[in-house]
Amino acid sequence: TELISSRPEWKTRYGTLLGDLKNLYRDREPYLRALVYYSEFLRVNTQILPLADRFERL
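Residue numbers (our numbering): 16 to 73.
In short, the hints are calculated from the structure, not lab data. Some hints could be false.
Cβ-Cβ distance ranges computed for the label pairs, FRET-style [said to hold, decoys possible]: (1) Tyr29 x Val59: 29 to 37 angstroms; (2) Thr16 x Ala67: 51 to 59 angstroms; (3) Tyr40 x Arg69: 38 to 46 angstroms; (4) Leu47 x Ser20: 47 to 55 angstroms; (5) Thr61 x Lys26: 46 to 54 angstroms; (6) Glu55 x Arg28: 39 to 47 angstroms; (7) Val59 x Ser20: 42 to 50 angstroms.
By construction, the Cβ of each residue, glycine as well, lies at the ideal position given by its N, Cα and C atoms.
With the hints as constraints, model all of the structure from the sequences given.
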């Protein structure tokens with residue numbers, strides 16, 4: 016941030032970049048969490064289906 020602040024043209028262009036990125040990550044968090052839950056759900060359930068098939072054969 017010091018390098019950006021030391022050059023006026025960079026400060027104009029990139030001065031809010033870190034804050035903007037922080038806000039974007041904060042805004043994406045609920046969607047990323049949902050994606051993780053969805054991925055885990057699919058991974059676990061694809062392992063459960065063959066197991067359920069084995070129990071059905073008994």
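field: Cβ distance range 29 to 37 angstroms for Tyr29 and Val59, holds or violated
entry: violated, 43 angstroms
- request: Please test the hint of 51 to 59 angstroms on the beta carbon pair from Thr16 and Ala67.
  value: This hint holds: roughly 55 angstroms between Cβ atoms.
query: So the hint says 42 to 50 angstroms: do the beta-carbon atoms of Val59 and Ser20 match that?
result: About 48 angstroms separates the Cβ atoms of Val59 and Ser20, which means 42 to 50 angstroms holds.
query: Taking the CB of Leu47 and the CB of Ser20, does the distance hold inside 47 to 55 angstroms?
result: violated, 31 angstroms
query: Using the C-beta atoms of Glu55 and Arg28, is the stated range 39 to 47 angstroms upheld?
result: Cβ of Glu55 to Cβ of Arg28: about 40 angstroms, so the range 39 to 47 angstroms holds.
- request: Look at the Cβ atoms of Tyr40 and Arg69 and judge whether their distance stays inside 38 to 46 angstroms.
  value: holds, 43 angstroms
task: Starting from the hint 46 to 54 angstroms, judge whether the C-beta atoms of Thr61 and Lys26 obey it.
output: For Lys26 against Thr61, whose Cβ atoms are near 51 angstroms apart, the range 46 to 54 angstroms holds.
Checked against the numbered hints listed earlier, the structure breaks hints 1 and 4; every other hint is satisfied.
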